[in-house]
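Protein sequence lines correspond, in order, to chains A and B.
Residue numbers for the first sequence follow this note's numbering, so the first one is 1 and each next one is one higher.
Residue numbers for the second sequence follow this note's numbering, so the first one is 1 and each next one is one higher.
No wet-lab data here; the hints were simulated from the structure.
Heads up, some of the hints might be wrong.
To be verified - Quick list of simulated restraints, FRET-style, between CB atoms:
| # | chain 1 | residue 1 | chain 2 | residue 2 | range |
| --- | --- | --- | --- | --- | --- |
| 1 | B | 165 | A | 221 | 40 to 48 Å |
| 2 | A | 194 | B | 399 | 52 to 60 Å |
| 3 | A | 57 | B | 8 | 39 to 47 Å |
| 4 | A | 104 | B | 280 | 56 to 64 Å |
| 5 | A | 54 | B | 399 | 53 to 61 Å |
| 6 | B | 30 | A | 57 | 37 to 45 Å |
| 7 | A | 100 | B | 14 | 18 to 26 Å |
| 8 | B | 172 | A | 186 | 46 to 54 Å |
Beta carbons: idealized from backbone N, C-alpha and C, even for Gly.
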Amino acid sequence: MSNPDMAEPITPPAGHVAEEAADDSVAPVATVGETDPAPAADSHPVKIRSRNVDVFYGDKQALFDLGIDIRARMVTALIGPSGCGKSTYIRCLNRMNDTIEIARVSGLIELDGQDIYSPDIDVVELRARVGIVFQKPNPFPKSIFENVAYGPRIHGLAAGKTDLEEIVVTSLTRAGLFEEVKDRLEDPGTGLSGGQQQRLCIARAIAVSPEVILMDEPCSALDPIATARVEELIDDLRKNYTIVIVTHSMQQAARVSQRTAMFHLGYLVEEGQTDAIFTNPTDKRTRDYITGRYG
Amino acid sequence: MASTYLALLIGFALAAYFAGARRAVALSAGNPASLHSRPAYHGFYAAILATAPGFAVLIGWWLFGGRVLDRIVGARFQVLLSAMSGPQQQAFIRDARNLAGGIVYGEPTPEKEAAAALYRSLFASTDIVLGLILAALAALGLVLALRTITARRRTRHFVERFVRGVLIACSVVAILTTIGIVLSLIFESLRFFQKVPFLDFLFGTHWSPQSAFVGAGGDGEIDAGVFGAVPLFAGTLLITLIAMLVATPIGLLAAIYLSDYASSKFRAVAKPVLEILAGVPTVVYGFFAALSVAPVIRRLGDGMGLSVSSESALAAGLVMGIMIIPFVSSLSDDIINSVPQALRDGSAGLGATKSETIRKVVLPAALPGIVSAMLLAVSRAVGELAAFALGLVLFCMTLALNVIALGVVARYRERYD
């Protein structure tokens with residue numbers, strides 16, 4: 001938030017002007033609020049780089065020529081009207097789209113400079129590095145403990161029983177749930193309230209120590225109090241994790257994210273500093289969307 | 001003649017429907033909103049009033065009319081019949097009725113001819129009476145309906161109540177049939193246990209009921225010692241056990257493949273094909289077991305130096321297992337499919353492989369349902385082996401299995417929906 005570029009005047013390059021630039025590290029889309037990405041790149045290097053990403057469901061194209069950089073240890077919010085491709089994009093980042101038979105992804109998506117769609121990549125390892133939290137809390141029909149222990153178990157992260165217990169306790173604590181459930185770790189996870197279930201799912205994702213956590217509208221099924229708790233948690237988590245969050249709530253995007261990307265009809269409209277996007281969007285569609293004129 | 005009446009009633013119902021609907025449209029005077037119920041409901045109202053009593057009379061006549069006629073004929077020939085034994089009386093009445101219907105067995109006696117003539121005249125007169133009653137009911141009903149139809153008449157409520165009544169009647173028929181079967185099983189079994197001590201039956205080790213009866217006709221002495229059910233139960237349990245050992249792994253793994261691995265195209269073809277197996281009649285499986293499987297098993301046994309009978313439980317169990325594979329796999333497939341995709345996604349999102357997801361998340365979540373599917377399969381397998389006086393015991397066993405299965409299913413629903 002203390003980015004010096006914030007005060008810079010806005011340069012609104014039209015269309016795909018950056019693609020003509022020789023430097024490939026510049027996002028090929030209108031970038032708001034910063035003319036020079038270098039200072040940000042120092043403390044927050046590019047974690048996930050996407051270029052020319054197209055996604056098809058059968059014959060229907062859901063994403064068009066998407067290019068965006070996700071920066072490390074920051075919260076990037078993806079906003080835009082329903083059906084604009086936010087969830088599709090987030091599901092590309094840990095290849096959850098693989099589970100959809102008719103989905104086809106083309107283009108380049110790199111995690112730390114490594115193409116995640118290359119044949120050398122093991123999806124299992126990728127998903128251990130890029131965790132995901134879904135819109136609807138989906139705890140397994142197991143105990144709270146087993147829910148969190150699930151990931152460490154399948155990846156063999158715990159050396160022994162005490163080690164596993166430590167991982168579970170740490171993860172639940174980080175997810176802000178431990179105090180509420182410490183006396184009933186053996187109770188079924190499905191018996192928790194919606195907000196607790198969602199934090200359990202976050203704890204479950206943290207337990208495998210991912211580098212990136214994807215969140216697909218994590219609060220849309222929660223009440224305002226539970227939402228506030230999850231938002232606090234997200235703000236806390238960004239110290240250690242790169243977070244990409246899809247949200248329909250403008251306030252939420254403004255509250256939790258440092259960078260915001262606006263999607264529309266399968267295209268990335270613009271991407272940049274959250275404050276800049278919300279105070280001074282370059283694109284009319286973004287302006288209309290965040291002021292509630294459509295969407 | 002009764003079927004002609006049925007056709008006429010159906011035709012009349014159609015006519016009454018249109019008459020009622022038209023009357024309603026006429027009453028609405030071009031403003032459909034002025035009607036309380038849509039014209040179709042007025043049509044159904046008229047059709048129900050005009051023909052429902054007729055249908056009831058017709059069904060009642062089909063159920064009880066024959067018996068009434070038998071009583072009348074029996075009363076007329078009482079002197080003759082009282083000299084006969086029970087089965088002979090029944091045979092006399094049956095022959096006379098058949099004779100009246102034009103079916104002649106052997107050389108009818110003059111008495112039977114006379115009874116047949118009485119039947120014929122009764123048939124003719126009841127047909128006329130029935131026709132008159134039906135016509136009167138239909139005419140009265142239609143007049144009443146057309147008289148009472150007004151724009152604000154709540155015919156929709158009437159029709160809805162009538163539909164509910166019909167549905168209740170149908171479920172009552174199903175329930176009564178089941179109760180009847182159970183009662184007849186109980187009473188037949190009680191009669192059986194009067195002749196054969198219960199404990200001898202339950203713990204006896206000799207089973208050959210065909211040698212129990214000295215002569216045909218049933219009234220002779222009964223040797224109670226040959227109704228020992230232990231061999232039969234042991235055989236049933238052994239065959240069921242072998243069948244489940246065959247069907248559980250194959251059916252379950254096939255279900256897992258179909259629900260989680262197969263492409264949707266393959267699934268669309270393979271599942272119906274598998275379900276066709278369930279439609280193959282049991283007797284065909286029996287043939288298959290006796291003619292193909294049993295000799296193969298005997299030869300295999302011979303090859304290993306063992307002597308295996310051609311009627312081995314192994315052959316029967318194997319084939320029974322194959323028989324219930326589609327049952328197991330189809331049910332399990334449905335249950336596995338009903339595990340929410342969100343759970344699979346959650347597991348995959350943590351980096352679990354497909355088989356880890358299935359073993360650690362999907363199967364535990366589906367386990368109660370799968371167990372109940374297995375129990376249903378067992379109860380079907382046991383049911384196929386049901387025989388004769390064992391009916392009650394086997395019935396109790398399958399009932400218990402079904403109750404357990406339903407209980408498990410109920411708990412499963414509570415937990416995952």
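Going down the list of hints, with the structure as the test:
1. 165(B) - 221(A): 40 to 48 Å: Holds, at about 43 Å.
2. 194(A) - 399(B): 52 to 60 Å: violated (41 Å)
3. 57(A) - 8(B): 39 to 47 Å: Given a distance of about 58 Å, which is not inside 39 to 47 Å, the answer is violated.
4. 104(A) - 280(B): 56 to 64 Å: Taking Cβ atoms as reference, residue 104(A) and residue 280(B) lie about 41 Å apart, which means the hint is violated.
5. 54(A) - 399(B): 53 to 61 Å: holds (59 Å)
6. 30(B) - 57(A): 37 to 45 Å: violated (51 Å)
7. 100(A) - 14(B): 18 to 26 Å: With Cβ atoms ~51 Å apart, the hint is violated.
8. 172(B) - 186(A): 46 to 54 Å: holds (48 Å)
In this structure, the earlier hints numbered 2, 3, 4, 6, 7 are contradicted, and the remaining ones agree with it.
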